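Peer 1: Combine both chains into one complex, guided by the hints.
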Amino acid sequence: MAAPTAKSSRPSRPYGRFGQVVEELDERLGLARGGRVFLDKIFPDHWSFMLGEIALYSFVVLLATGVFLTLYYIPSSGPTVCHTPYTPLNGQITSEAFCSTVNLSFTVRAGLLMRQMHHWSCDIFVGAIVLHMARVFFTGAFRKPRELNWTIGLTMLILAILNGFIGYSLPDDLISGTGIRIAYSIILSIPVVGTYLAFFLFGGNFPGNAIIPRFFTIHVLILPAVIAGLLGAHLFLLVRQKHTQFPGHGKTERNVVGSPMYPVFIAKTTGFLFMISGVTAVLAALFQINPIWQFGQYHASNISYAVQPDWYMGWLDGALRIMPSWEFVGFGHTIPFEVLVPAVIFPGLIFTICYLWPSIERRYTKDNLLHNLLDRPRDRPKRTAAGAAMLGLLGMLFIASATDVIANFLHISLNTILILMRILVVVTPFVCYLVTWKICKELQAVPLGGRRKVANLVTLTPQGEYVATPMPPPPGTEPELAPEPVPALIETDGDGERGDGQRADEDEDAADPIGRSSVRTVPR
Amino acid sequence: MSDSTTHGTRTPVELAAAKWSDPHMQPAARHPEHVARVVAVCFFLGLACFAGFGAAYWQNWEPWTLGALLGGGMLLVGAGLIAWGKYLMPRGPFVEDRHPLASPPDELDAFTNAVMERGATPVRRRPILGGLLGAGLGVFGIVAIFPLLRSLGPLPGTTLDVTNWAAGRYLVDAYGRRVHQDQLGLGSVMTVFPEGFAFDDQAQSMDQTILIRVDVAPLMNMTGTPMGYVAYSKLCTHAGCPVGLYERALEYLVCPCHQSMFNVPDHALPVFGPAPRPLPQLPLAIDRHGELFATAGYDQPVGPGFWERS
Chain A
1 MAAPTAKSSR PSRPYGRFGQ VVEELDERLG LARGGRVFLD KIFPDHWSFM LGEIALYSFV
61 VLLATGVFLT LYYIPSSGPT VCHTPYTPLN GQITSEAFCS TVNLSFTVRA GLLMRQMHHW
121 SCDIFVGAIV LHMARVFFTG AFRKPRELNW TIGLTMLILA ILNGFIGYSL PDDLISGTGI
181 RIAYSIILSI PVVGTYLAFF LFGGNFPGNA IIPRFFTIHV LILPAVIAGL LGAHLFLLVR
241 QKHTQFPGHG KTERNVVGSP MYPVFIAKTT GFLFMISGVT AVLAALFQIN PIWQFGQYHA
301 SNISYAVQPD WYMGWLDGAL RIMPSWEFVG FGHTIPFEVL VPAVIFPGLI FTICYLWPSI
361 ERRYTKDNLL HNLLDRPRDR PKRTAAGAAM LGLLGMLFIA SATDVIANFL HISLNTILIL
421 MRILVVVTPF VCYLVTWKIC KELQAVPLGG RRKVANLVTL TPQGEYVATP MPPPPGTEPE
481 LAPEPVPALI ETDGDGERGD GQRADEDEDA ADPIGRSSVR TVPR
Chain B
1 MSDSTTHGTR TPVELAAAKW SDPHMQPAAR HPEHVARVVA VCFFLGLACF AGFGAAYWQN
61 WEPWTLGALL GGGMLLVGAG LIAWGKYLMP RGPFVEDRHP LASPPDELDA FTNAVMERGA
121 TPVRRRPILG GLLGAGLGVF GIVAIFPLLR SLGPLPGTTL DVTNWAAGRY LVDAYGRRVH
181 QDQLGLGSVM TVFPEGFAFD DQAQSMDQTI LIRVDVAPLM NMTGTPMGYV AYSKLCTHAG
241 CPVGLYERAL EYLVCPCHQS MFNVPDHALP VFGPAPRPLP QLPLAIDRHG ELFATAGYDQ
301 PVGPGFWERS
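Protein chains in written order, with our numbering: chain A, 1 to 524; chain B, 1 to 310.
It is possible that part of the hints are untrue.
What the hints assert, rightly or not - Straight-line C-alpha distance at most 25 Å; calculated DSS-like pairs for lysine-lysine: (1) A:K382 / A:K441; (2) A:K366 / B:K19; (3) A:K41 / A:K242; (4) A:K242 / B:K86; (5) A:K41 / B:K19; (6) A:K144 / A:K242.
The set of hints was computed from the structure by calculation and includes no laboratory data.
Since we're looking at a predicted model, the values are computed, not measured.
Chain B on its own, in the form it takes in the complex (with noise of 0.2 Å):
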């Protein structure tokens, strides 16, 4: 294999047999000393370099050049010691014995029997106690679930199901500023959030909704969509990412996650890639003054799903 070239067609020998002037205790390299001099410098190179990086830590230099400097002593000292244990030292190959792993057979029946005799028998004789200690165990092992387990968290709940959108929410951004009707060009998008929880992060990762004009292909009967403002929930029906690219051109809504796209002008139906579901919609309408807001919430829970979705 790959030692032929160190260890040749020398027979392996024992190591504790091996004396000083048996061939296989010679270094491996023809020439010692010149190995010994590249070791030498490589070793002072290294001490050269941590040196360096002693310096340039003192100094505060550039991080890439502490790296450089700690990286290449490391490098020089492991250059050095390798060649040091690969040329210069005894180059074998030595041979150990491998004994069996197995242990006698008597041995083994003796372990065995102390398990099984001296161990076991009073436990098998005493059925009552092993089984009330097993229960007792068993309900230990419950028990500690609790305390482990279900303080961690509460209980889903409902909490899955609900967004804070409700009828009569006004979307705003996420500076907390209610949007206007001319805020929006043609195919052009915004998050917005309902008003009063655009600065709760908790609040966003359920309620975050991205807000489309759309400008090509005309709304496919559907309602709650005044001047061609149309809004869906953010979060992907797929895994969860918020929906955040728009294609305008072909009106397509992208996952950057796992790339599922949603067709806008068509209630977001999933179209391409993992997601299974349409974005839920949410229902708009402009006030007199021209702000938007929700006329009602979601219809739906919003994002992937999950076991209690029905």
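With the rest of the complex left out, here is chain A (with noise of 0.2 Å):
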């Protein structure tokens, strides 16, 4: 109706040919106001920023590198007369999939390096997903308002770790598919619903020939979609709700400060995935992972030594191997707890403590304020003690997968291993937390803890005494160095700080109708 005359009662615009496209967009889609509010977006330079990007480009990588994958896999375990240019393997009667691998490796072009770069891709990307987390989790970014965006970035892990354990059970080869018989023994462990459970998700009885092709739907369809979504969520909340900065000079709980999208940001965030696509590829180049043929095809009675998983599954790996061997037996019934309580239980109780940590922390400190700047993990020192002795769980437990592999190569009985393993896994985390905990408070102690020495002046006086006097820091240094109080530490028990957000917001023009809600306390 008006679209005709709006273009007439406009003034020319500047920039020519880039001015007409624009505004020929803008009328029809209205993108210049919401585009130019993207290209303003201000994004903080921290370095630790960037372990998400490692993580949203390692995916990038994996789909890119996924779909080339998909285009020789052939996701069956038929048998098949294996024709193939790795002459053991040549003429042997091996499954669709095993044999497809294999030759999307040795005939296809740059096959090899698509699939090793598929491969270090994911676990990079897992690896990304856990750093990222445990920045998050040690800079308390994880606070209202940010509760939700933890939930969903826990949910990809979980999903990453799922599709990678999956993703390499596809070659069907030795290697993965004990993985796969263990993760059946592992679901029929379930008390009363573990066989059905198994039977449903395998066809019946193991090994079966379903598992093969379900698990490529799984990988190549179901589950990325869902991360791609859970992703899109992600970075919706995190545009929507705006990144967490430290604190430092000129920031506060009400702006962000950095570098604008365009054309700082974007610049360096695409220099930053080529980076990363070339550190893969460099990696999936020069370091072999998972040279299948070594392995050989799956047989149910055939077996290899050092049987370890994808790193980010060794901690389970390592979980059922401490494991005690107690199961339960009566009432007609058995329930393994030796596989159930390792690879079931306690998963869940670690993801189950991870989702739910925000309100754990929010009951424990009663903080209810929206928090923009981050902690530095010192002034929160239970939370970040808390995060060492969890990672210091992984971690040996991590170790505890491999007792085989530290028996033999440090010539000690596989016995000794396992049992100071066990014994490591139930100290580490207490000693993780009592030694973190005291470095945090000691840092805290240090008033200049983690700021340059100030430099001195010497001077001889006429008396011959040498006197030191302070420089002046050297510009650059004291504003940045010096932290802002944060609201509502931990260990404060509400004696009436509030914070810098509640400060700024007494500040402001009373009239301001939405400057009520930057800081809402909810009366318990």
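Peer 2: See below:
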């Protein structure tokens, strides 16, 4: 209706053809205002914010290389006479899945590169998620208003681990097949419904012919779609709630300081995408990963020594190894606690604690403020210590997944190593907690800890006395390093300190209708 | 924090207010032309690497050259882009206001009113309709589980309790050949299957049996062990891995997955690790041709524990 006249009524645009294109698009889609806000979005510059980007870009690499692999991989456990340039396997009867994976590595140009990039970027992907999560945890970035994004991120971690496991099971090689066998036994161990779940997932008793095609569908369709959807939600919430930032010069609860999306951040982040892809490609080029032709086809009665899963499954494998053999038998039923506890209950507990942590901390601190400024980990000794304890526990379990290799390497009896690991797994979290807590307290007690030393001007007085005069700090160090007061310490119990946000709010013009909501306390 | 080197003590400014003459809009580099030269070199070398990748692909060179050229090109282009963004673009810092996420009270009330009054009141006024709808959707949910879940596989039944071993079944190796009494030396092991099922992958997963000829310690009150031959299920009672390692000096079977150990001369009792039960024993006999056969099947389900196992 008004569209034809709108153009004539506007003055002619600058920037010639580009201006015209923008105008045409804006008339149809109304892009300019939102686009401007997007271009102006400010990204904090701290290095630790790149960990999430690593995860994001590894996911991009995973999708790109994964699509390539689907073109050649055959998701079938049906037997075939494998014709392959790899002589030891040539003419052997293998499954379609195994043979096609070997052949896409050896006969498809760049196939081996793509396969190894896919595997390496998966390991990087999960690692980056874990580091990103640790950053978010130790700096308190999960606090209100970002609890939902913590939940989404944690869900993505679980799905990433799951999809990684399913993905490396697809080649149907001896190592991964053993992993599937263990997974089957883990499902069997669930009381009451375990056997039914296992039979439904595998289409019958292990191994069956259904699991490879089903894993394929889950791996390339269902889980990637769910992860991509959650990723969209994760990034939407990030933009909606804006980044957190460390306290520092000019940074408050009510602003974001950093570089704009365009052109600075877009250049840096695109460069980072290239760097991560590049690192993945170089890793894939120079470091062999998962050489399935050396392991051979999976057969249920074959087994290999040093059967270790990918690193992110290590903690579960370690838990399975160190668990004592406690099986409950009675009332005509068996509950295999030796599998159920380490492989079902324990990870369930760990992830439940992670899911609930924001609420646990909120209940404990009674802190209902909105937080946009991050904590220094030392300022939250209990949280930092709890995180260290968790990492210590998982790290020890990870080491425990290599008991056989360690025993072989150090020429110590396997039994000694196992008993040692059992003790270490129990003791380490407590040690980590106490040590970390103490370090945090000590760092707090050193007022200038973490600052640059101030230079002294030493002068010789006419009396022959040396006098040291502290120099003013070099420009650029002082305001940046002095942390601003942070709201509601975990350790303070409601002594009235409301922190930066509250004070800023009080300064605000009372007539501002939306000012009241930046800090809203809910009475308990 | 870490940005002290690039941002210094400059106070952050609003991006929209910053003019080109503003120091915030200046590049961070002290000598931008030098950096620009480095970036140009990065981009050029990256381009060369990509071209090299094309050549390597065309000529079908070794996979590692493909990856090194592709990765090298990406690393160079990425490094150049990052240097461009970090040193040649406005150094900032810029600041953006964070607007409160929460809506003003009247909008909040309008929203809750719309949901509760306009939407929920007609529902609350018709409890029977709501209840029926809820019951219908509940039934739909339960019914939907059947095709989604139940069709995926058969019911377990007694599948996990039985193997193909039975009285009179001969032991065969992976090639289907019967096992002769002279075949195994003292202290040797082999994997055996029931005759007729050696090539069936599905059957193998349950039937796999490890045959050991012990030589060090005498067998402890065990029957069905002619000439020192003893056979156990190869399926670990812990997590179902094949118990494929035999420690001859100790006469232990060791599971390579989680290192459970079973004492072979003593009914394969678990002596170490997470396995809770001994490996079930397959009683053997030798016929007049010297060939081994089973005198019975397994007297209990093989493999890991599950709820229905008694």
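Peer 1: Hint by hint, say whether it matches the structure.
Peer 2: Hint-by-hint comparison with the structure:
{"no.": "1", "hint": "A:K382 / A:K441", "result": "holds (10 Å)"}
{"no.": "2", "hint": "A:K366 / B:K19", "result": "violated (45 Å)"}
{"no.": "3", "hint": "A:K41 / A:K242", "result": "holds (9 Å)"}
{"no.": "4", "hint": "A:K242 / B:K86", "result": "holds (22 Å)"}
{"no.": "5", "hint": "A:K41 / B:K19", "result": "holds (17 Å)"}
{"no.": "6", "hint": "A:K144 / A:K242", "result": "holds (13 Å)"}
Taken one by one, the earlier hints fail for this structure only at number 2.
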